[in-house]
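Enquirer: Residue numbers (this note's numbering), protein chains in the order written: chain A, 1 to 204; chain B, 1 to 468; chain C, 1 to 786.
Since the hints were made in silico from the structure, they are not lab data. No false leads were slipped in.
Think about it this way: if two alpha-carbon atoms lie no more than 20 Å apart in a straight line, the pair counts; the simulated PhoX-like pairs of lysine-lysine are: (1) C:K34 / B:K205; (2) B:K297 / B:K263; (3) C:K231 / C:K153; (4) B:K384 / C:K148.
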Amino acid sequence: MARLTEENVRLAQEIISRYPRPRSAMIPLLHLAQEQDGYVTEDAMAHIAGLVGASPAEVYGTASFYEMFKFHPVGRYVINICGTMSCALAGAEDLMHHAEEKLGVRMGGTTDDGLITLERAECQAACTEAPCLQTNYRYSFRVTAESFDTLVDDLRAGRLADEIPPHGTVARVRQHIPADKGAGVHAPEDVKSAPAWLDGKAAL
Amino acid sequence: MSAGGTNSFAPGFYEGDRPRIVTSRFGLEDSHTLARFVATGGYEGLRRALGRPAGEVHDEVRSATVLGRGGAGFPAGTKWGLTPQEVWPRYLVVNGDESEPGTYKDRLLMERDPHQLIEGCLIACYAAGLSQCFLYIRGEMALAQERVATALNDAYAAGYVGRNILGSGFSVDIVLHWGAGAYVVGEETALIESLEGNRGMPRLKPPYFPAAIGLYGQPTIVNNVETLANLPWLMVNGAEAYTAIGTPTSPGTRMVAVSGHVKRPGVYEIVNGTTTFRDLLFGEEFCGGMRDGRTLKAFVPGGGSAPWFLPDQLDLPFEASQVGPAGSMLGSGAVMVMDDTTDIPRAALTLTRFYAHESCGKCTPCREGGTWLERILSRIVDGKGTDADLDQLMEVGQSICPGAFPHASSERLGINATPFPYRMNTICFVGPSAFAPVHSALTLFREEFDARVTRRIHIPVSAVGAAQ
Amino acid sequence: MSTTETNAGETPEVPVDPNAVSISINGRSVAARKGELIIAAADREGEYIPRFCYHPRMSSVGMCRQCLVEVEGPRGPMMVVSCMTPVADGQVVRTETEQVKRAQEGMIEMLLANHPLDCPVCDTGGECPLQDQAFSHGPGESRFVEEKRHYEKPIPISDLVFLDRERCILCDRCTRFAREVAGDPLISFTQRGNNTQVMTFPDEPFASYFSGNTVQICPVGALTAQPYRFKARPWDLEQRESTCTTCSVGCRTVVQSSRDELVRYQGVDSDPVNWGWMCDRGRFNFQSVNSEDRLGTPLMRRDGSLAATSWSVALDAVAREMRSGGAVAVLGGSRGTNEDAFMWGLLADAVGSTMRDAQMDDGLPSSVFSLPQATIDSACAAGTVVLLAPDLKEELPVLHIRLRDAATRHGLRIIEIASHDTGLTPHAWRSVRCEPGAQQDAVRSVLADAEMSAQLAGGNVVVVVGRANLAESAATTMAALDGLLSAVPAATVLPVLRRGNVRGALGLGLAPVDGNDTASVLEAAAGGKVACLVLLGADPLSDVADADLARRGIAGARFVVAVDTFLTRSAAQADVVLPAAAYGEKDGTTTNLEGRVSNVVQKITPRGTSRADWMVAAELLHLLGKDAGVATLADVQRLMSARFPAFGAAAASVEVRRNGVVVTSGGARQPAPAVSVTPRSSYDFRLVVSRKLYDLAVGTAQSPSMANLAPGAAVLVHPLDAERVGARDGANVKVSNSHSSVVLPVVSSGAVPRGTAVVPFNQPGADVRGLIRRGEPVTDVRIETV
Ligand SMILES: Cc1cc2nc3c(=O)[nH]c(=O)nc-3n(C[C@H](O)[C@H](O)[C@H](O)COP(=O)(O)O)c2cc1C
Ligand code: SF4
Ligand code: FES
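Just chain A, same shape as in the assembly:
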């Protein structure tokens, strides 16, 4: 399966160049791989290992620590329903049961058409809007059985295609530091003295 495409290798190199140590780009590059293929393939991990100077075992070790990385194909949309306290107090358990029934899959399962994967999630930092869920990390707040059904119907009908990119794409906007605007990376081996402005050289 897929190594990073040429285009993504270029992006990867740009991301790597922002850090004093290439290895720091590991998680961003794993996101890139997941964006490319919908999940993180073994080939991509081996490729990333080469790009950041780690062993594939280390890349897998890091990747598998984090919840968001999937190592098997998942649905085009991953719906994460929060089950932590605030959402639980607002009926998240019932919502989960409803969701399982509506989609005909258990938590962790993917619908037969490969469109939706349903997952139980932990606190999503939207506790005041409980119960909440995320579809590919886009929020729905104060979700009811009805609004859940609407969401699923909209997803199935493709009505949210513009709002919610397929699984893997988290942010659709990337940081870009123009070459003539960047202050540059500061690696421990290159910097030996205090920044110039600390000597009072910077003043408007």
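The hints should help you fit chains B and C with the ligands onto chain A, whose structure is shown.
Expert: What follows is chains B and C with the ligands alone, placed relative to chain A:
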């Protein structure tokens, strides 16, 4: 979005006429844009800071006693001063990994006012001599990432970030970095591990206080998003104006998310040190009382890790020196409210499950003990527990946190408070946090557990033999 | 130092050690050093603090929490992990309070919660720190009634190591070792929290040369070694401390046997040498001692084939040849003990032999030992190490580990001069690539480089020197070394000759006399000038790079005697084959590459009637009427003391001085002649023949677990060169020169510079040695598709 409410707005942001330091633009539809930011006084604090020697700016922050908003409440100015002399470069790592149950403020700050955060980062870098800034945003926050990325791109283009900022000779890059889903990475040393491309497992202290040995082994300041968001206002208005709000030990304001069974759950910027839990939960300008006319049973005052409070503690203000002796902590500004319909063992389980699930697996008591607590508790919730399980919960907790564990006082139960903090056998607070809800629930609502468990029946061996 | 003035006559001030601190452990006052960890200070004092993750040779991680102790703090006693907390003056530590005991019991209970408790079927049962500490510091019972974690039981993570994740307590020892010590991070923690597990990357096994160490340091039975699995129970094991002689690093080990069979070697922490580590080749080659193919009786050639005979008949035949008046030659001896070498040297003297050499034309002239000598420790503590040596990871693995540690953690700067990338290249401060034969130029360019010459001028320089290329004469290395030493006269030298006891053998009587080295002895034999050629654990037909010379030499010798443990290629050509006692079957001493003398021990009965080499020499001396009067090893050592006092004294004390005693002969520099090498034609490749850890050497090939690990013969060239030749990876190519040609698969490798072709030595597959001629300083070849 189609399902549910609008993205960021919740009741409470722009009600009342309280001082607003970090949420002043939240009412504006385009608050996240550079144009609106600049039009509403944005980057003025940076301009003022750059007009003064860095040391002076640092002193201003120090004398304002800007408490850390990430959980520990350590004053930012003091923290910046802890870096060892003459070791360069130094880094700023911005903690935007907000994942503590109940906590909901940093995401809003990033989504609604990303430039304010950027400005805060720049002021911190300038004042503390930090060469590069890494802004670590929680992986699951797509919109926050997009807003911050856009804001950074705009700020670079306009010369607010990067080389020779505002022509002052001050240069620093802010690198947007995003996580991938792991609560424990919010712990500052785990955050650094994660930023180095490793598994996000906390480092042990000593010897690794990040201010001394942090990212790439260099002195590193880790600050919370909200902490930094305070700096632009502070630069414009000065330490004196800042400390005029709140109390001397808890100056300024703080953002608090109130969730659960109140009428108007929401995120409120409240005055530090003086606002009480009663004000917040029952005041008309805040949550307006309990939902559906129910009564308050208990509340978590400072994020999922905090021992619980009862109505007995409602009159305590948001002031660490009062909340600690009362048996809990303020943490990250998250109050979760339970009314009298709440199934206490089940509520505790949602939190214990969270911490067990989020254990990084590094230290034995958390890795094994957290899951153990969760298993016992869910057995009890499912009606399959025994009374011996209740003792076992406390025993497991003892292996995580030896000795007395903090809890609130209760007039109903006739018990006094055990003050915060606790002792711990773990590296970080995840392990103890798995126990905190169990301990609070069992200590304050034992009867609900008793009603759930079956008595352990001792069957004599002889009887077993006879039955065969 | 204090600056107070002291008047003459007053007692001189004792300088106060600024690093000394005093702490109290359980009420006892303990002297410690700043920066030391509480657990280390307690260990020194015999106050045992239970632990799982702590290992004194690796960085602390404080994961298992078993080593919690109480330390008096400003706000009362605090629980701290003693493996991460440094001592501080006046610190009050308690390791036995009720609080500590509860914590220890709590941790054990937690660790056992998910542990399968399958001790009766676990290799580690009986020597398991978890089991032991569960008894000594555990709660006595488990209250964990939940379902335990389940994983597929044991899965092979390499050819040598199995992993049982159910038993694992996640102490990070193996993963830390792989990352931090071996530099092979092929295993890692994966998943998180309660699901954390150690794993390899799919389809990428833990193929580290050091994997066996992880088995040794695993505090439970999660990692087991294939060669030891189900071989013995700890209570059946007998053991003695010894020294590994697989290579010349001389790692300290314990040799363990069960029912008179070797079953395991374990590393012993010797501070100046191996720090407890071993390489897998050294660790697992005990299997070869147990091999069915071992020689057990003497053999003698009758009617063209070898047949069993008695020792007396065989020895009589050898003595007869030696007495005949023709020249006697002794090749080998570096496999045996000091005592073996000494007695054979004595025998060679007795028959007036000037033909002897412990090296197989694959090392350096023994004059390197007369240069000012360095030790492993001094090299690691140096400011700069210049590597003019083979890939140490392949040849002297634990030396590689030591230097790697010094470079990665202690600021050692390595300047590497090599023909292609080696295991140390990633850790070298500067790497200089040079074609075979061009080392002298490389040294000149190092000296001409401002930064590198400034670094060398900084002092404390050690040159690690060895034979990196068997297709090139040793003279080029010696000339380059000479050039370096003239520019950095204060530098010391660490010769890295590879065979186990080569330094002892050369120092104790088996060094060439008058330049009569192995090559010239073989040349003489080929010319019919050797009457009796003794191969003392030597196999020239496999080991001498100029294969043609070896063949002619063995064929030309009138009578060939092989003293060996196996019927090697050369032994099969011999007239008499005498079975030799192997490692583990005889006592004695050995000398490592730095001249450190330490003991080796007998643990099992020698196979069949095989004998120690020294006994064979003593017997022959007797038969020749020159009895040396030795009947026991002690007799030999007495005699050795008289001839070589330093060696003798060392040998006599190694029983108690377990780290051994360094005996060096270092003296003054003798200039080495410059060598001129003709340039390579641009169509040719210059050949590098170098060793890999795993090859066809008998100890490896006869150890079933390692027999298949040799990578196999191939020719490695730069990707662009492969393209130029027009061969795809893995395709066969013809490698040829005027002497011979050989067909090998080609492997393109970025580690090899353009114009160079690297062929691993002594591998299964086609033999490259036909291309090599001893008289030529370098070997050029042409590579074509077939
Ligand atoms: C388990 C754990 C999780 C934490 N999570 C966060 C978090 O999500 N965001 C945050 O800012 N601080 C978090 N903290 C606190 C940080 O370690 C650190 O104290 C904080 O970022 C410092 O910033 P401040 O001084 O500005 O508050 C966490 C701490 C622990 C122990
Ligand atoms: S307490 Fe838990 S999360 Fe924190 S370091 Fe230990 S195992 Fe990891
Ligand atoms: S030995 Fe100290 S924590 Fe494991």
